[in-house]
Amino acid sequence: LRKFEMTDHEWMVVEQLHSILNVLKQAMLYFSRSTPNLAMVIPEMDHIDHELASSSQNWAYLPSIRAATSLAKKTCNRYYSYTDKSEVYRIAMVLHPRHKLSYFKNAQWEDEWIATTEVLVREEFARSY
Numbered sequence: 020l021r022k023f024e025m026t027d028h029e030w031m032v033v034e035q036l037h038s039i040l041n042v043l044k045q046a047m048l049y050f051s052r053s054t055p056n057l058a059m060v061i062p063e064m065d066h067i068d069h070e071l072a073s074s075s076q077n078w079a080y081l082p083s084i085r086a087a088t089s090l091a092k093k094t095c096n097r098y099y100s101y102t103d104k105s106e107v108y109r110i111a112m113v114l115h116p117r118h119k120l121s122y123f124k125n126a127q128w129e130d131e132w133i134a135t136t137e138v139l140v141r142e143e144f145a146r147s148y
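First residue of the sequence shown: 20, per this note's numbering; consecutive thereafter.
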């Protein structure tokens, strides 16, 4: 059985992966609850993006871990870009009492994007009500 024992290096890889994968696990558990909230998708995606970006630049991690987190960030961003194609995410964020437009301002999103989102919500309101 000794030949199957993990080396110190392998344990280090596992420990580093554990801390990174835990961020994704927590997001999965959050959205698997009985009351997931559409307005929380963007903040959670921002949190995941921040964690992956930090990990990919953290020299305490092994080069292979940094490379993997960089690839994971690119994949996450590809899916994140789909939220821009759906107006419902923007509308849900702006109508959510906790977020409104302040979330985007506090997260330092581009002013043009924020203005476009505000116009989108106002136009949808005028069209529907």
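Note that these hints are calculated values from the structure, not bench results. Treat the hints with care, as some may be off.
To be verified - The list that follows gives simulated cross-link-like pairs (lysine to any residue, SDA-like), each with its CA atoms no further than 25 Å apart:
| no. | residue 1 | residue 2 |
| --- | --- | --- |
| 1 | LYS124 | LEU81 |
| 2 | LYS119 | LEU90 |
| 3 | LYS92 | ALA72 |
| 4 | LYS44 | GLU29 |
| 5 | LYS104 | VAL138 |
| 6 | LYS22 | GLU34 |
| 7 | LYS124 | ASP68 |
| 8 | LYS44 | LYS22 |
| 9 | LYS93 | LYS22 |
| 10 | LYS93 | LEU114 |
| 11 | LYS104 | ALA134 |
| 12 | LYS44 | GLU63 |
| 13 | LYS93 | ASP103 |
| 14 | LYS92 | LYS124 |
| 15 | LYS92 | VAL138 |
| 16 | LYS22 | LEU81 |
| 17 | LYS92 | PRO116 |
| 18 | LYS124 | TYR101 |
| 19 | LYS104 | MET59 |
| 20 | LYS44 | LEU20 |
To see whether the hints hold, each was checked on the structure:
Distance check on the hinted pair: LYS124 and LEU81 sit about 35 Å apart at the alpha-carbon level, beyond 25 Å; violated. Among the hinted pairs, LYS119 with LEU90 is inconsistent with the structure: their alpha-carbon atoms are about 31 Å apart, more than 25 Å. Of the pairs offered as hints, the one joining LYS92 and ALA72 holds, with about 7 Å between alpha carbons and a cut-off of 25 Å not exceeded. A threshold of 25 Å between alpha carbons decides the hint, and for LYS44 with GLU29 the separation of about 21 Å falls inside it, so the pair holds.
Only pairs whose Cα atoms come within 25 Å are accepted, and LYS104 paired with VAL138 is accepted, the gap being roughly 15 Å. With a CA separation close to 21 Å, the supplied pair LYS22 and GLU34 stays within the 25 Å bound. For the hint pairing LYS124 with ASP68, the CA-to-CA distance comes to about 17 Å; that is within 25 Å, so the pair holds. For the given pair, LYS44 sits about 31 Å from LYS22 by alpha-carbon distance, which is inconsistent with the 25 Å threshold.
Among the hinted pairs, LYS93 with LYS22 is inconsistent with the structure: their alpha-carbon atoms are about 37 Å apart, more than 25 Å. Proximity of LYS93 to LEU114 is assessed by CA-CA distance (about 29 Å); at most 25 Å being required, the pair is judged violated. Distance hint between LYS104 and ALA134 is fulfilled; the C-alpha atoms sit about 16 Å from each other, no more than 25 Å. With a C-alpha separation of about 12 Å, the suggested pairing of LYS44 with GLU63 holds against the 25 Å cut-off.
Annotation: proposed proximity of LYS93 to ASP103 holds, straight-line Cα distance about 16 Å (limit 25 Å). Simply put, LYS92 and LYS124 have alpha-carbon atoms about 22 Å apart, close enough for the 25 Å limit, and the pair holds. A hinted pair counts as satisfied when its Cα atoms are at most 25 Å apart, and LYS92 with VAL138 does not qualify at roughly 30 Å. A distance of roughly 24 Å separates the Cα atoms of LYS22 and LEU81; the hinted pair therefore holds under the 25 Å criterion.
For the suggested pair LYS92 and PRO116, the alpha carbons sit about 29 Å apart, so the restraint of at most 25 Å is broken. Note on LYS124 and TYR101: the hinted pairing holds, with a Cα-Cα distance of about 20 Å set against a maximum of 25 Å. Of the pairs offered as hints, the one joining LYS104 and MET59 holds, with about 17 Å between alpha carbons and a cut-off of 25 Å not exceeded. For a cut-off of 25 Å, the pair hint linking LYS44 to LEU20 is broken: about 31 Å separates their Cα positions.
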